[in-house]
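Protein chains: 4
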Amino acid sequence: MTMNAPIPVVVNGAAGKMGREVIKAIANADDLMLVGAVDRNPEYRGEDIGEIAGCGALEVPVLDDLQSILVLATQEKVQGVMVDFTHPDGVYDNVRSSIAYGVRPVVGTTGLTPEQIKDLADFAEKASTGCLIIPNFSIGMVLLQQAALQASQYFEHVEIIELHHNQKADAPSGTAIKTAELLSEIGKAYNPQKVKEKETIQGARGGIVGENINIHSIRLPGLIAHQEVIFGAPGEIYTLRHDTSDRSCYMPGVLLSIRKVTQLKTLVYGLEKIL
Amino acid sequence: MTMNAPIPVVVNGAAGKMGREVIKAIANADDLMLVGAVDRNPEYRGEDIGEIAGCGALEVPVLDDLQSILVLATQEKVQGVMVDFTHPDGVYDNVRSSIAYGVRPVVGTTGLTPEQIKDLADFAEKASTGCLIIPNFSIGMVLLQQAALQASQYFEHVEIIELHHNQKADAPSGTAIKTAELLSEIGKAYNPQKVKEKETIQGARGGIVGENINIHSIRLPGLIAHQEVIFGAPGEIYTLRHDTSDRSCYMPGVLLSIRKVTQLKTLVYGLEKIL
Amino acid sequence: MTMNAPIPVVVNGAAGKMGREVIKAIANADDLMLVGAVDRNPEYRGEDIGEIAGCGALEVPVLDDLQSILVLATQEKVQGVMVDFTHPDGVYDNVRSSIAYGVRPVVGTTGLTPEQIKDLADFAEKASTGCLIIPNFSIGMVLLQQAALQASQYFEHVEIIELHHNQKADAPSGTAIKTAELLSEIGKAYNPQKVKEKETIQGARGGIVGENINIHSIRLPGLIAHQEVIFGAPGEIYTLRHDTSDRSCYMPGVLLSIRKVTQLKTLVYGLEKIL
Amino acid sequence: MTMNAPIPVVVNGAAGKMGREVIKAIANADDLMLVGAVDRNPEYRGEDIGEIAGCGALEVPVLDDLQSILVLATQEKVQGVMVDFTHPDGVYDNVRSSIAYGVRPVVGTTGLTPEQIKDLADFAEKASTGCLIIPNFSIGMVLLQQAALQASQYFEHVEIIELHHNQKADAPSGTAIKTAELLSEIGKAYNPQKVKEKETIQGARGGIVGENINIHSIRLPGLIAHQEVIFGAPGEIYTLRHDTSDRSCYMPGVLLSIRKVTQLKTLVYGLEKIL
Chain Y
1 MTMNAPIPVV
11 VNGAAGKMGR
21 EVIKAIANAD
31 DLMLVGAVDR
41 NPEYRGEDIG
51 EIAGCGALEV
61 PVLDDLQSIL
71 VLATQEKVQG
81 VMVDFTHPDG
91 VYDNVRSSIA
101 YGVRPVVGTT
111 GLTPEQIKDL
121 ADFAEKASTG
131 CLIIPNFSIG
141 MVLLQQAALQ
151 ASQYFEHVEI
161 IELHHNQKAD
171 APSGTAIKTA
181 ELLSEIGKAY
191 NPQKVKEKET
201 IQGARGGIVG
211 ENINIHSIRL
221 PGLIAHQEVI
231 FGAPGEIYTL
241 RHDTSDRSCY
251 MPGVLLSIRK
261 VTQLKTLVYG
271 LEKIL
Chain R
1 MTMNAPIPVV
11 VNGAAGKMGR
21 EVIKAIANAD
31 DLMLVGAVDR
41 NPEYRGEDIG
51 EIAGCGALEV
61 PVLDDLQSIL
71 VLATQEKVQG
81 VMVDFTHPDG
91 VYDNVRSSIA
101 YGVRPVVGTT
111 GLTPEQIKDL
121 ADFAEKASTG
131 CLIIPNFSIG
141 MVLLQQAALQ
151 ASQYFEHVEI
161 IELHHNQKAD
171 APSGTAIKTA
181 ELLSEIGKAY
191 NPQKVKEKET
201 IQGARGGIVG
211 ENINIHSIRL
221 PGLIAHQEVI
231 FGAPGEIYTL
241 RHDTSDRSCY
251 MPGVLLSIRK
261 VTQLKTLVYG
271 LEKIL
Chain X
1 MTMNAPIPVV
11 VNGAAGKMGR
21 EVIKAIANAD
31 DLMLVGAVDR
41 NPEYRGEDIG
51 EIAGCGALEV
61 PVLDDLQSIL
71 VLATQEKVQG
81 VMVDFTHPDG
91 VYDNVRSSIA
101 YGVRPVVGTT
111 GLTPEQIKDL
121 ADFAEKASTG
131 CLIIPNFSIG
141 MVLLQQAALQ
151 ASQYFEHVEI
161 IELHHNQKAD
171 APSGTAIKTA
181 ELLSEIGKAY
191 NPQKVKEKET
201 IQGARGGIVG
211 ENINIHSIRL
221 PGLIAHQEVI
231 FGAPGEIYTL
241 RHDTSDRSCY
251 MPGVLLSIRK
261 VTQLKTLVYG
271 LEKIL
Chain L
1 MTMNAPIPVV
11 VNGAAGKMGR
21 EVIKAIANAD
31 DLMLVGAVDR
41 NPEYRGEDIG
51 EIAGCGALEV
61 PVLDDLQSIL
71 VLATQEKVQG
81 VMVDFTHPDG
91 VYDNVRSSIA
101 YGVRPVVGTT
111 GLTPEQIKDL
121 ADFAEKASTG
131 CLIIPNFSIG
141 MVLLQQAALQ
151 ASQYFEHVEI
161 IELHHNQKAD
171 APSGTAIKTA
181 ELLSEIGKAY
191 NPQKVKEKET
201 IQGARGGIVG
211 ENINIHSIRL
221 PGLIAHQEVI
231 FGAPGEIYTL
241 RHDTSDRSCY
251 MPGVLLSIRK
261 VTQLKTLVYG
271 LEKIL
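Chains as they are written, first to last, in full-length UniProt numbering: chain Y, 1 to 275; chain R, 1 to 275; chain X, 1 to 275; chain L, 1 to 275.
Derived from the structure by calculation, the hints contain no laboratory data. Be aware that a few hints might be false.
Any copy, or any two copies together, can satisfy a pair, since identical chains are not distinguished.
Subject to a maximum C-alpha distance of 27 Å in a straight line, what follows is the list of computed DSS-like cross-link-like pairs (lysine-lysine) [unchecked claim]:
| hint | residue 1 | residue 2 |
| --- | --- | --- |
| 1 | Lys273 | Lys188 |
| 2 | Lys260 | Lys196 |
| 3 | Lys178 | Lys273 |
| 4 | Lys194 | Lys265 |
Keep in mind it's a predicted model, so treat the numbers as computed, not measured.
Can you build the whole structure from these sequences, using the hints too?
Here is the structure:
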């Protein structure tokens, strides 16, 4: 697809659920080259990561020492990228090491504190090394949130319905709350009442988040992960809906991040910044 | 459409919003003949009801005395029908008079008490006169409720979303509550929890009606009247949805009721009984 | 709502369906002042346009001479606006006269040829007078199209479903075709086939517009006007839907246009340009 | 769940995709007991079918000889059931053998000819042995089809949208065609035209199946398997929708069939007959 040398990529947490998807996505991308796979689960030590991910042998064994793999990545012609889907307790050190070796981090692992992110941003800036921290790799969801933000300037009324399988314990979903908060940042209160509302059954009108945005959470077996933002005005309804059916939906966001991080010289937070 | 003599029909409350729709529907039905229009609003007294309803002159003036019109209806070859869309305070007397004259009532007016209905049922039975009391003339909604009832035997999980314009003050809608109550009558508790649910924002999981059925009420300008019943099971979702956009949707139910009441000899309650 | 002098507005075609909605919308806007109503239907000559529009007397009679009303509009402190919802055969002259009087046109009437638009643009530029020609005043639909355009950069697969009442003869709808054309302008072909498709029933896969975008047209009584743009990628679906239930949905676009045209000095085509 | 002796069940084709789901479902049902697993794939010979299905050891090895397993099933106190998800070329013999041994077949394998089914029905009747042949085990889809059939008596207009992943080559889907055929059997022609329709883009109005029912097929990555039946009448829309996300959705139908077949004495075709 490209005449340039491929970007060398290290995957940390390669044998986890997201890690395996990332391995498959990299194996199918002509402009990327997998140079290392790290996982601290001893069960997979030394095995071919391609076999584990289910995409056929890639001749890259699973190892447990990130640093030695980062060294490998620095020996390629072009600067490398480290993708991290590991655990909250180790992610800060992983990212710091990666920047130290000049390998650009793309971080999907959650749990970094604001202070840690600030610290990593300073470190990345000094090193002139790009770094991406991405809480949600779904391009579709970011597009939905941006389209909702655009619509919020012209609609006074909006509600959110999010629907998930009934193994999800908390309601509303974090993504729905995030969407409502984004819409609230523009500084107006939504859903001014035309008539005095009366809930004859408590909870019927949902939960209120941000500037008076109603969120409704459905939980049923058979659902996967869905979000609907419904704007209303006299005579019209404008609906944005995102349906997720499996982890493969995050891969375009991961690949985009790998390609973009090589062009950055600072830490950037959020997929919306690079779309 | 039929070689038989048409059924003579009297419309009580003919100049109201529903009354006008009924007038238009009767004017377009070959097997029905409008013989009288009654309305207590003095503004329309003596005017042609067809002009008021917007379907062209029908040569039937609006009068204010139901009884004299009932007399008219009894002078046709076949037994007549009185359609009542009036007010709660007069409906009992209207129905009683109509039965007394042998004119079969089709009643869309709300407000009859259980005692009044019992009393009218006794009176209809003695007179061997059909009488229909129909709280909701929407055939589509009755079909939805019956299909939901059928599905409830095979699904353990169900939630209801109802969506209305923001001029509707109460939530949930009466129809959504009715649907949940119907599903609850079969005697099982829905939505057993797989994990312990936690509402981080109160109300997010909706209101609970009947045997643990979650109802979610959306209120936005641009909506009209919509109901969605969502059944879930591992690997599948089964959704029933009804959207109403204007009063004309009730006319097939009104016409069906007029035709069916002539075949009845007792009082019957609810459109589902004659489908 | 504002301390400034209100914008004087003339409505041409004031007694038509759209004209009446515009009258009501202006009557409810504090920063606009209706100064004239023109309609060539002799039936309404001299009557109060507020009574005709159903929003109460506005003390503005319906007249049939646009030019004399334009003169009126020029006598206010601030420059006026003429809203035109008339007929294809007169619209060019209306707009030209309006610009000549320094009254800014907002044009919803269809039928101007590309040559006429070019000519009016030249005339508006020389006169340094704003002019808006708006084929679709629905802000919601423009937002949908813009959000779809944004998404088209990240999705390779998209189909459109448009649903209308069964009194609409042509399929697909002009707006759906417009949406597909917009998505096609970015210069990529959508929907590369993964397997060789086979239609066992001709037409099942819809009609193809632009760069291989499938459009499906549903026609049913009970529908009003709806459009759905569905993007798909592995593991996710992103859907944009717009539902129109009555003409009031165009009023925010009309009001926005009236306010914006006073800030323009040239002719601008399309609501998307001023959002 | 029951004090009775559990029903002994043999699964033929146990290591296939559907077979594994059936093994898991039986393992979780208190009133069923897995007594044998047959698969002709030599790869799994002798392995514990529970391990293969991913539900833990069940101490039932995969064997390749159906007849010896059928003998086993006849040695239990209650009559056994054989579930067959194998191949078209062997299914007739499997079912015949099973009936011969007095083990009731539940058949999900496709490919039996009408003559073979007739022959098996005769054989089952002589043996007074229940037998179920079920082309679609989805209870949700059967409920949808039955609800659609009920609605078809009251609506004159209906269209079907079916949506599948873009690896599905044929359009429309067999299930959508089946739904349209079912609705057509009641002997009326749907969708009488109100205005003369004109397709400006060929195919926009979909394909026509049965008595003038329009079917529209959407194919996108990210979709799984979905069907929507949309009824329309003046002022209302009634929609039935079924979404399938994985094979587990067929298990309630399989379990129901196993339980019901023990109460039958003849061959029965179709899940709708036992709901």
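Here's how the hints hold up against the structure:
1. Lys273 <-> Lys188: both (23 Å within a copy, 24 Å between copies)
2. Lys260 <-> Lys196: Cα proximity of Lys260 and Lys196: none, with 50 Å in one copy and 34 Å across.
3. Lys178 <-> Lys273: within (16 Å within a copy, 30 Å between copies)
4. Lys194 <-> Lys265: neither (51 Å within a copy, 38 Å between copies)
Consistency with the previously given hints fails for numbers 2 and 4, ordered from lowest to highest.
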